[in-house]
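J.: From first to last, the protein sequence lines are chains A and B.
Residues in the first sequence are numbered from 644 upward in steps of one, following our numbering.
Residues in the second sequence are numbered from 130 upward in steps of one, following our numbering.
Keep in mind that a hint or two might mislead.
To be verified - Derived list of chain B stretches under chain A, where covered just means 3 residues or more per stretch with a C-beta under 8 Å from a C-beta of chain A:
1) 204 to 215
2) 226 to 233
3) 292 to 301
4) 318 to 327
5) 403 to 415
Stated by the list, open to error - Simulated restraints, written as ranges between beta carbons of each label pair:
6) K936/A x L255/B: 51 to 61 Å
7) L244/B x N915/A: 31 to 41 Å
8) A317/B x S725/A: 33 to 43 Å
9) T822/A x W330/B: 34 to 44 Å
10) E318/B x D824/A: 49 to 59 Å
Hints are computed from structural coordinates only; laboratory data are not their basis.
This structure is a prediction, so every number in the text was calculated from the model and none was measured.
We put the beta carbon where it would ideally sit given N, CA and C, even for glycine.
Below, each chain spelled out in residue letters.
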Amino acid sequence: MRRTRAAAAAAVAVSLLSAATACGGGSTGAEGGSNTAPKELTYWASNQGPDITADQATLGPELKKFEEQTGIKVKLEVVPWSDLLNRILAATASGQGPDVLNIGNTWSSSLQATGALLPWTAKNFDAIGGRDRFVESAIGSAGAAGQDPAAVPLYSMSYALYYNKKVFQEAGIEKPPATWDEMVTIGRKLSKDGRWALGAEGSNLSNNIHQAFVLSKQHGAEFFDAAGKPTFDTAANVDAVKQYVDLMAKDKIIAPGNAEYDKNQSLQDFSNGKTAMVLWQNAASTFKAHGMKEGDWGVAPVPVPAGGAPGSGKNTNSMVAGINLAVFKNTDNTDGALKFVKFMTSDEEQKILNRTYGSIPPVKAAQTDPAFATDDLTVLRNTLSTSAAPLPQVPEESQFETAVGTAVKELFADAAAGRPVTAESVKAKLTKAQQQMSS
Amino acid sequence: MTSAPTTLPPDAKAGGRAGRAPAGGPRPGRVRRPGRLRRTALPYLLLLPALLLELLIHLVPMVMGIVMSFRQLTQFFIRDWSRAPWTGFDNYRLAVDVNRPVGEALLGSFLTTCLFTLLSVGLCWLLGTAAAVFMQETFRGRGFLRALFLVPYALPVYAAVITWAFMFQRDNGMVNHLLHDQLGLGGAEHTFWLLGDNSFWALLTVSVWKGWPFAFLIVMAALQNVPRDLYEAAALDGAGIWQQIRRITLPSVGAVNQVLILVLFLWTFNDFNTPFVLFGKSAPEAADLISIHIYQSSFVTWNFGTGSAMSVLLLLFLLLVTAGYLFFTTRGRKDADAR
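For reference, chain A alone in the conformation it holds in the complex:
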């Protein structure tokens, strides 16, 4: 009896506890592609519009068009950003994924390393009209240097400084800051009476990384050396990260409350006039959704160090942001998948989709369409073509985003709580992040 009870207890305990280790499976999966299901495709689209229904409404008619042209039915699933990477990982591990999918372009190298994505060889590029149809910087963010890209650029974006024209006018400021010194001077003038100069998303790890990356470039630093080893805590990187956090800690032009923002609350504050500026990528449609009208905001390049103008090297002022289109290597319909990528990156579709999403076509021919010559998009397009750089294309990019993004988040939390943010405290956080990466 006693033994039975012990056994039962053990069984109960084991079944209760097993959740702790029940992680992930693995699959040898089928190598390469095939065409065993030529009449259907599954497509995972990232959530680009205001919500998932809007994306379904945008993509639905286009997919219908594709079906009419080719007879291939596309099953669409729009995946929220917060779930996308985990979904892709699960699909990679199980071998049960979609045929075609969207990936954030900063993940390209990390996902390339899994070997689950179809490499874009010259032959595959030929099937969609050739590699030289795409802007080179966008191709640069589709996989590690020296390897065939793991994906094809679909929507391009870049960062810009958005400013509220009315707030600027009221404060008697004529033009937006072009350098960081001007940003602080103007920022101090604007930060009063419950209003703040600049918005930030202190708890959003990706956004933290984007800002830290640009400032690091401006300080002449890199987060990874040529051999792909992390160099997070070099003096120049410490300066770069400190400069960003100091906008809250020392310069006091970012509201302390922004330290806990991670759901684009800073865009809402901007639309309400609570903050005067934000550094963001392709924000127009969000501002409109929050009730602003075209012309209420102005767009300028992201500030650079004093004495510089936006350009290459130290004057890099944006990461190459965007969405890429990838094909799962073990698709049942390789030919169909290539046809679908060709359709989505055709001049016509590029114009339609990028116009709807307020992004810039990475396809050169579509970029010249007058629809992309608005004030907003001209700034973003010029940035992309002259002063944007892709995030480090290393397999550890995803870890880098988490490790350094978390360090910046913790520094913002210190700044918000009034704890000192010093070169030493910044270095300590970056060193810890680097050690976590190296282990």
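Since the structure of chain A is already known, use the hints to place chain B on it.
T.: Just chain B, lined up with the frame of chain A:
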């Protein structure tokens, strides 16, 4: 289950279908053996489907997790993890080496989780028991109150916790509005609840809010079985309310409490949903519960091998605590039975 064999018809025991008995059929002089065998085997046969399912659903992934913990499983190998290089105990060494950032962070997270679990389970039990005792009395509105108490338990976790996340927001949240603006507590400057050290208390609040109705439900069910005349007799003997609770209520629900506390402990220690919805994939250091920590090690930084090793260590710890707990509590009960 144990009564099942005795309900078999007598002829089935003795040999009606003895030809189908295992071990080659009856032998002379030992005619009762097949029946005995059948009687012994039947419970196991009945258990078999459940055991098989248990094996498939729980044990197989667990064994896989253990195998993974001995491999260097990163993004390079997730497509076919059987090809990941074998690294022996490296992942375990990394996880327990408190002089390096990974081990140091894991230890910090473990200690945070221990303190959090202790406080959360304690408060859940205390609140649940107090409410259950209170609800023993009949009064107007009891049914309504009882239903109200169960609301947190009935709500979908995600919806409930995200509502808390909104309420804890520094500038627009209801908590600060109530504490600072309405009651004038803590000065004019609003408090951060989802950042820094306060995040621990925010997490604890949500955890207790979510967990105590379960304790309430279980204790209340157990109290239904305590005969009312015990209380009447005690009252006649002059026992006050505290004496009644100490001498009658608590001992009567002792066995139920043992299971309740064990289950609450395991749920709270492993709770993933609450911190994940409240803080996202990177929780503040003060509220970095071990489940989130392991998730981050595995799925965010893509060190699945290290993550698995951490999971196995956690499993061993929980098994140890559970076994120790069961050992001491059953011994306690046996002593009580002996008296």
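J.: Hints first: check each against the structure and report whether it holds.
T.: Going through the hints against the structure:
1. 204 to 215: holds (count 7)
2. 226 to 233: Per the Cβ count (3), the hint holds.
3. 292 to 301: holds (count 3)
4. 318 to 327: Result for this restraint: holds, n = 5.
5. 403 to 415: n = 5 at 8 Å, threshold three: holds.
6. K936/A x L255/B: 51 to 61 Å: Holds, at about 56 Å.
7. L244/B x N915/A: 31 to 41 Å: holds (40 Å)
8. A317/B x S725/A: 33 to 43 Å: holds (35 Å)
9. T822/A x W330/B: 34 to 44 Å: holds (43 Å)
10. E318/B x D824/A: 49 to 59 Å: violated (30 Å)
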